[in-house]
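Please model the complete structure; the sequences and the hints are all you need to start from.
Here is how the chains run, residue by residue.
6 protein chains.
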Amino acid sequence: MLSRDIDTVLRRALAEDTGCGDITTSSLIPEGHTSRAVLLAKEDFVLAGLPFAERLFRLADSGIRFTSLKKEGRRVRKGNVIARISGGTAGLLAAERTALNLLQRMSGIATLTDRYVKAVTGLGVKITDTRKTAPGLRFFDKYAVRAGGGDNHRFGLFDGVLIKDNHIAAAGGTARAVKLARSRVPHLLKIEVEVKNLTEVKEALSAGADVIMLDNMPVEKIKKAVAVIRSSDPGIVIEASGGINPGNVRSIAEAGVDIISVGALTHSAPAADISMKFD
Amino acid sequence: MLSRDIDTVLRRALAEDTGCGDITTSSLIPEGHTSRAVLLAKEDFVLAGLPFAERLFRLADSGIRFTSLKKEGRRVRKGNVIARISGGTAGLLAAERTALNLLQRMSGIATLTDRYVKAVTGLGVKITDTRKTAPGLRFFDKYAVRAGGGDNHRFGLFDGVLIKDNHIAAAGGTARAVKLARSRVPHLLKIEVEVKNLTEVKEALSAGADVIMLDNMPVEKIKKAVAVIRSSDPGIVIEASGGINPGNVRSIAEAGVDIISVGALTHSAPAADISMKFD
Amino acid sequence: MLSRDIDTVLRRALAEDTGCGDITTSSLIPEGHTSRAVLLAKEDFVLAGLPFAERLFRLADSGIRFTSLKKEGRRVRKGNVIARISGGTAGLLAAERTALNLLQRMSGIATLTDRYVKAVTGLGVKITDTRKTAPGLRFFDKYAVRAGGGDNHRFGLFDGVLIKDNHIAAAGGTARAVKLARSRVPHLLKIEVEVKNLTEVKEALSAGADVIMLDNMPVEKIKKAVAVIRSSDPGIVIEASGGINPGNVRSIAEAGVDIISVGALTHSAPAADISMKFD
Amino acid sequence: MLSRDIDTVLRRALAEDTGCGDITTSSLIPEGHTSRAVLLAKEDFVLAGLPFAERLFRLADSGIRFTSLKKEGRRVRKGNVIARISGGTAGLLAAERTALNLLQRMSGIATLTDRYVKAVTGLGVKITDTRKTAPGLRFFDKYAVRAGGGDNHRFGLFDGVLIKDNHIAAAGGTARAVKLARSRVPHLLKIEVEVKNLTEVKEALSAGADVIMLDNMPVEKIKKAVAVIRSSDPGIVIEASGGINPGNVRSIAEAGVDIISVGALTHSAPAADISMKFD
Amino acid sequence: MLSRDIDTVLRRALAEDTGCGDITTSSLIPEGHTSRAVLLAKEDFVLAGLPFAERLFRLADSGIRFTSLKKEGRRVRKGNVIARISGGTAGLLAAERTALNLLQRMSGIATLTDRYVKAVTGLGVKITDTRKTAPGLRFFDKYAVRAGGGDNHRFGLFDGVLIKDNHIAAAGGTARAVKLARSRVPHLLKIEVEVKNLTEVKEALSAGADVIMLDNMPVEKIKKAVAVIRSSDPGIVIEASGGINPGNVRSIAEAGVDIISVGALTHSAPAADISMKFD
Amino acid sequence: MLSRDIDTVLRRALAEDTGCGDITTSSLIPEGHTSRAVLLAKEDFVLAGLPFAERLFRLADSGIRFTSLKKEGRRVRKGNVIARISGGTAGLLAAERTALNLLQRMSGIATLTDRYVKAVTGLGVKITDTRKTAPGLRFFDKYAVRAGGGDNHRFGLFDGVLIKDNHIAAAGGTARAVKLARSRVPHLLKIEVEVKNLTEVKEALSAGADVIMLDNMPVEKIKKAVAVIRSSDPGIVIEASGGINPGNVRSIAEAGVDIISVGALTHSAPAADISMKFD
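Chains as they are written, first to last, in my numbering: chain D, 1 to 279; chain L, 1 to 279; chain E, 1 to 279; chain G, 1 to 279; chain S, 1 to 279; chain Z, 1 to 279.
Simulated from the structure, these hints should not be mistaken for lab results.
A portion of the hints provided could be inaccurate.
Pairs count within a copy or across copies, as identical chains cannot be separated in the list.
As the list claims (entries may be wrong) - Cross-link-like lysine-lysine pairs, in silico, DSSO-like; alpha carbons within 30 Å at most:
id, residue 1, residue 2
1, LYS78, LYS164
2, LYS179, LYS78
3, LYS42, LYS164
4, LYS70, LYS223
5, LYS223, LYS118
6, LYS277, LYS164
7, LYS202, LYS118
8, LYS190, LYS70
9, LYS202, LYS71
10, LYS224, LYS164
11, LYS196, LYS164
12, LYS190, LYS277
13, LYS42, LYS223
14, LYS42, LYS118
15, LYS221, LYS78
16, LYS196, LYS71
Model, not experiment: these values are computed from the prediction.
Written out as structure tokens, the structure reads:
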């Protein structure tokens with residue numbers, strides 16, 4: 001997104017909190033009052049979202065100074081100061097909660113992603129997100145996955161073809177579905193087919209899919225599917241999805257897939273604990 | 001919010017996923033093709049957000065029929081059908097992911113809230129949310145807390161006065177801060193003061209706070225603070241916040257507070273597992 | 001509101017006047033032509049809205065210099081120069097009418113408010129506005145009331161509970177209405193009950209209202225109501241509303257109420273007379 | 001404006017009042033509760049804005065029924081029922097204040113306009129508004145002037161050429177200003193020149209103005225100016241503006257002008273007194 | 001339009017191209033990478049739109065430097081460098097296509113306009129556009145016509161009265177239509193009547209039209225119509241429209257009309273060929 | 001796009017024309033007046049955009065009835081009635097120009113596309129558009145290309161990777177650029193490399209490009225490039241772009257490419273001639 005479109009989302013988030021005004025601050029903080037504060041890590045996590053937190057403070061008050069002390073995607077330790085902020089107290093307080101909400105959510109996602117990525121170290125397998133993001137926050141959720149060392153799957157319904165059972169039923173079979181998609185879809189998009197068993201794997205293979213997604217298969221079945229696919233066409237990309245958790249992700253990776261997509265990265269990551277302290 | 005303002009948020013979420021078009025569907029699903037589907041619970045949870053899921057489907061295609069089989073705030077069992085949906089296949093697929101994303105998030109929040117509320121059964125204590133919501137989704141997050149049996153704290157910075165240490169410092173003491181707020185703030189708003197220890201409790205009491213928030217205190221300290229406050233003015237509302245978890249929430253409630261506010265309800269609830277299945 | 005949200009309202013007002021372009025100016029004023037002008041008081045009034053007038057000029061042309069010579073909330077005399085403005089002539093003319101329209105409206109409101117506030121000098125009674133503001137301009141109307149020395153009532157339907165007869169009827173009585181509100185509404189909001197006679201005053205008292213609004217009562221009745229309320233609970237806030245005018249406001253204040261709310265402040269204040277003169 | 005653009009303004013006004021929700025109603029009015037109400041005239045006035053009031057109720061709840069009993073532009077008497085409204089109580093209460101605020105403002109403008117129009121009965125002179133409208137409400141203010149029997153002056157800076165002294169100075173004289181405008185402005189727009197004395201009247205005449213505005217002239221001077229203009233070119237339209245009030249408007253009309261424009265119609269009309277009563 | 005409203009249109013155009021991000025650039029161009037580029041004319045044309053192209057680059061990245069080497073409305077030769085641009089490579093690439101699309105369209109319109117204007121040199125006839133512009137781009141299309149030496153007709157339905165046959169039928173005759181318009185329309189707007197033959201010309205004349213548009217008439221008929229109109233009232237403006245092309249425009253101009261309006265200027269001008277080259 | 005997002009664009013286009021109101025119609029057409037009209041082809045063309053024209057009429061007045069007599073993508077003959085429309089005259093006139101402007105533009109694009117598509121009949125080559133569309137109208141422009149029998153290239157910068165010389169320079173060579181893109185870009189996107197000569201063709205081949213675009217090459221060079229590519233990897237998609245015209249498109253197609261992209265389809269198609277006639 002252009003930075004101006006990001007601003008639009010950030011300003012809506014600020015407006016949601018501020019509404020017709022921060023009445024506590026406007027009645028208690030003298031005009032022109034300034035403060036210094038820090039963003040403080042209250043537990044260990046992987047940082048994501050700091051540039052957006054900075055932007056939120058500056059949207060609240062363009063005079064606020066914000067110095068980042070930690071880098072996106074790096075591990076932060078409990079007690080670390082992440083950033084120093086100074087400027088008008090009213091602006092600091094107007095942006096505080098929204099900035100922390102975004103930073104905590106994004107760092108939570110990055111931290112969970114990092115856990116999956118670490119789990120498959122050395123296997124050359126990509127951990128990707130899905131479209132299971134918070135409504136309206138997909139750009140930020142997917143950014144956080146990248147900060148955590150993961151990769152992005154398609155952004156939405158528009159930048160990738162993923163053929164599922166109901167598409168196949170409506171089109172009249174896997175072969176016809178892939179053929180139709182190939183003839184109608186812009187030529188820069190690959191065609192992925194979701195399969196549930198070996199029969200479907202074979203159908204997808206003979207239909208000419210570019211990518212095959214093994215949906216909710218146990219490890220043993222994945223191994224078989226990988227063998228069938230690799231022996232048929234070594235150029236096909238293989239994705240595993242569904243039922244992945246930190247406990248089984250490495251064994252699935254070892255089964256030979258190229259990509260493992262994990263919905264939990266963006267729908268169930270607990271927030272990282274971060275607070276703002278005034279000096 | 002007015003339903004039309006809710007629509008604006010829902011349409012933005014749909015647009016985020018749909019972008020310039022669902023290319024898989026537009027190339028594979030014949031025009032006029034219709035389908036039937038169900039929303040299916042894949043685990044036990046407390047339901048929240050179904051009316052918004054319905055609205056998302058109807059925003060995608062106003063001809064879609066949606067029949068709710070379960071009620072907001074009620075417990076749903078694994079395998080239950082939550083709703084039946086029928087209509088144009090393209091519309092069903094355009095709204096599917098966004099509707100599930102919202103429903104899973106809101107049901108996750110309701111389920112976690114329900115857990116805290118159940119934990120304090122019989123004690124007359126309210127479990128409330130905080131302002132720690134996903135940016136842009138506060139209305140939905142707070143709705144889900146109510147569906148889970150919880151109560152809402154203030155919506156934002158505009159509909160309640162909450163005086164913290166930095167406000168007190170800038171105003172020149174607790175007494176002066178409360179007095180200033182009382183004179184400047186609309187008369188329908190109560191004044192809450194956040195305190196960290198017994199000295200501050202006493203300052204808040206003599207300043208005339210309407211509500212006192214005990215921030216991050218251990219249970220024993222909470223008990224002492226409650227005793228001091230109740231003996232001074234039985235009409236004051238007492239809130240506990242910070243460091244609350246399912247394990248200690250009942251003992252904190254038993255310490256005599258009126259309200260327990262829990263940030264995790266909205267920032268760290270894992271999503272409920274729900275899917276859409278075509279018949 | 002955040003200054004960026006205020007900008008949105010101001011820009012819409014400018015766009016309403018400018019439309020597809022100021023054709024007189026674009027055909028007659030040479031590009032790069034600059035001018036100096038003053039904002040001039042053409043009668044006595046209390047000033048309000050000057051920062052927004054400045055902002056309007058700078059939204060039309062960010063290079064315009066604007067020097068305020070008078071302060072918000074202060075009385076301005078006929079003939080006084082309120083501000084000096086210089087910069088591109090096209091920008092000055094594009095913002096002139098919108099800036100004056102806003103400044104004249106806001107100063108008119110401040111001036112009328114000041115008249116009521118002066119009338120109750122020394123009695124410790126607050127003069128407040130109501131929700132009877134121009135559609136879309138509530139923020140500015142309420143700001144002008146404060147500039148005139150008045151106080152704000154609740155901003156809208158969301159930041160205060162005001163129970164009227166139809167709420168009571170639907171809820172099944174005053175006692176039940178107050179109890180329901182207390183249990184369902186965020187704990188930082190007070191509960192106000194509107195009453196029309198002494199019977200209702202007593203019902204509101206026993207129901208436990210935090211604030212009682214005496215609606216459209218003559219002075220004598222107000223006195224009786226105040227006596228009943230004060231003898232029952234000295235902590236209850238008493239508001240008088242309806243039928244207030246500059247002639248009776250002091251006697252109503254002397255009847256012992258805490259707050260007098262006046263719709264005319266924002267729905268019937270005549271505009272202050274201000275013009276822009278080019279040097 | 002298209003009705004959909006009007007809706008945008010109306011919805012913003014509703015949102016301003018409703019914010020994150022009508023908490024009184026949502027906590028006290030049972031879901032599905034319906035009511036009947038009337039809009040009641042509490043004084044005599046000329047009605048304007050009823051279709052927009054109806055629209056506001058229907059934007060709040062599309063199921064509300066609204067029956068208009070009085071017509072736009074007609075005189076309404078104290079005690080008259082203007083409209084009957086029925087439907088969901090929550091929707092009625094959500095729209096009540098905004099609908100009344102708009103209806104009271106617009107009827108106030110229509111009533112004041114009617115007073116000026118009546119004052120010049122029989123003289124064939126048009127009473128028009130100016131651009132001195134409430135920011136953001138120009139469409140509604142100008143509609144109300146028409147409802148009161150007045151006419152509209154140009155809507156904004158884009159649909160009419162009005163050359164003032166500073167345009168003349170920048171262009172290098174009246175003759176050159178009119179000539180420049182004639183050559184550069186779309187050919188469907190007339191060219192009006194504002195003059196302050198007889199010398200300027202003559203300059204405007206020889207420059208070839210289509211319309212001459214006599215600014216802030218006393219009646220005697222207006223008579224002389226009219227005589228000069230009529231003897232020179234009987235086709236020129238003459239407008240008087242500035243310093244007009246109900247006391248002098250007829251004598252100014254009798255001085256022979258075609259158009260009298262009055263800023264007070266839209267910047268200083270007191271609101272008409274209208275209320276909503278539940279049956 | 002205000003520059004801020006222009007920005008809104010330009011930002012929407014950028015967002016249309018950029019969507020959720022320029023994935024090629026974000027994966028290949030190192031952060032902080034800068035470049036120099038030129039805008040290069042690949043054929044001869046009349047330049048229009050360069051300030052908007054500049055603005056697009058700066059909306060994509062406010063740090064981009066843009067130096068215009070050619071002036072609006074001037075003829076540019078194949079091989080000329082129109083502007084030099086330098087700054088962040090990502091921003092240059094994000095704005096490149098949108099800036100070229102706008103610049104090529106506007107220069108195409110200016111070039112075609114210039115051809116018509118040149119064709120009527122010396123005859124004192126204005127070439128104007130119509131309302132046949134690309135939806136959403138009217139401001140830019142009409143700006144380009146002016147850059148090409150043409151004039152603008154009315155901007156839309158709001159800033160000029162143009163009475164066509166169906167208006168006349170509904171109003172009950174030409175005389176009544178003009179009279180009604182005169183009485184109801186703001187006095188700064190002229191009244192134009194569209195006619196198809198000499199009978200209608202005479203009706204428009206006696207009805208008192210300010211401007212007469214000869215619609216789709218052959219040159220001989222235009223000559224006759226001009227003679228009839230000029231002998232009746234020399235002050236009336238005469239416009240020819242319909243069926244105009246570069247081959248017949250001069251003979252139509254020589255027939256004595258004041259204005260020739262040409263829809264093709266904005267609906268069928270081929271784009272000028274311009275590219276951006278990196279140094 | 002969702003139909004609601006399309007509506008947003010259409011409503012902006014209507015608002016651009018309507019502004020503060022259609023003054024001719026509002027002063028001449030009696031309220032409630034209805035009419036019947038037809039959309040009439042005034043030359044032969046391929047139809048595109050009729051559903052959007054219908055939508056525009058219904059956005060102007062939801063009561064308008066619109067009966068399409070011709071189908072999208074079909075050839076229409078001069079004199080054919082394309083659609084019958086009836087309903088409120090004011091609404092018909094409010095939408096007329098905008099609907100025609102869109103329909104004429106889109107049909108113009110479809111007609112030009114059809115010409116290129118017909119020229120390559122039987123060769124199995126796709127004619128595609130580019131990103132050279134009118135700012136803000138890309139969705140409509142690309143829809144019209146499909147209606148004309150063409151195919152769409154990527155929609156914007158977000159749904160396809162197209163590596164040009166400056167990307168290669170910044171990345172440090174073709175091989176490294178393709179590798180970087182492959183590792184960073186979502187796995188559903190193919191990687192296209194633009195080449196200018198045979199050396200670059202070979203670099204792209206060994207780098208592993210999925211698609212190779214031959215930019216501005218003469219036919220003979222294209223033949224050689226195709227031979228090199230096909231002999232190296234028959235699965236690679238080959239696109240020709242630049243300098244294509246109706247005269248050379250068939251010989252380029254015969255040179256063996258898969259795709260020919262033509263900017264002129266959307267930046268230089270003359271409008272189809274269509275008018276609305278009232279019965």
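Now the hints, each set against the structure:
In this assembly of identical chains, LYS78 and LYS164 lie within 30 Å of each other by CA distance solely across copies; the values are 24 Å between and 44 Å within a copy. In this assembly of identical chains, the alpha carbons of LYS179 and LYS78 never lie at most 30 Å apart, being 54 Å within a copy and 37 Å across copies at closest. For the homomeric pair LYS42 and LYS164, the shortest alpha-carbon distance between copies (19 Å) is at most 30 Å, but the shortest distance inside one copy (43 Å) is not. For the identical chains of this complex, LYS70 and LYS223 are neighbours neither inside a copy (41 Å) nor across copies (40 Å), given an alpha-carbon limit of 30 Å.
In this assembly of identical chains, the alpha carbons of LYS223 and LYS118 lie at most 30 Å apart only when taken from the same copy (22 Å versus 45 Å across copies). Taking the closest pair of Cα atoms, LYS277 and LYS164 come within 30 Å of each other only across two copies (11 Å); inside a single copy the shortest separation is 49 Å, beyond that limit. Neither within a single protomer nor between protomers do LYS202 and LYS118 lie at most 30 Å apart by alpha-carbon distance, with minima of 32 Å and 38 Å respectively. For the identical chains of this complex, LYS190 and LYS70 are neighbours neither inside a copy (38 Å) nor across copies (35 Å), given an alpha-carbon limit of 30 Å.
Neither within a single protomer nor between protomers do LYS202 and LYS71 lie at most 30 Å apart by alpha-carbon distance, with minima of 46 Å and 40 Å respectively. In this assembly of identical chains, the alpha carbons of LYS224 and LYS164 lie at most 30 Å apart only when taken from the same copy (21 Å versus 40 Å across copies). With identical chains, the CA atoms of LYS196 and LYS164 are at most 30 Å apart within one copy only, with a shortest distance of 10 Å there and 39 Å across copies. Taking identical chains as interchangeable, the C-alpha atoms of LYS190 and LYS277 lie at most 30 Å apart only when they sit on different chains, with a minimum of 25 Å there against 49 Å within one chain.
Only between protomers do LYS42 and LYS223 lie at most 30 Å apart by alpha-carbon distance; the minimum there is 26 Å, versus 42 Å within a single protomer. For a Cα distance limit of 30 Å, the shortest separation of LYS42 from LYS118 qualifies both inside one copy, at 22 Å, and across copies, at 29 Å. In this assembly of identical chains, LYS221 and LYS78 lie within 30 Å of each other by CA distance solely across copies; the values are 25 Å between and 42 Å within a copy. In the homo-oligomer, the alpha carbons of LYS196 and LYS71 never lie at most 30 Å apart, since the shortest distance is 41 Å inside one protomer and 32 Å across protomers.
Violated hints for the displayed structure, listed by number in ascending order: 2, 4, 7, 8, 9, 16.
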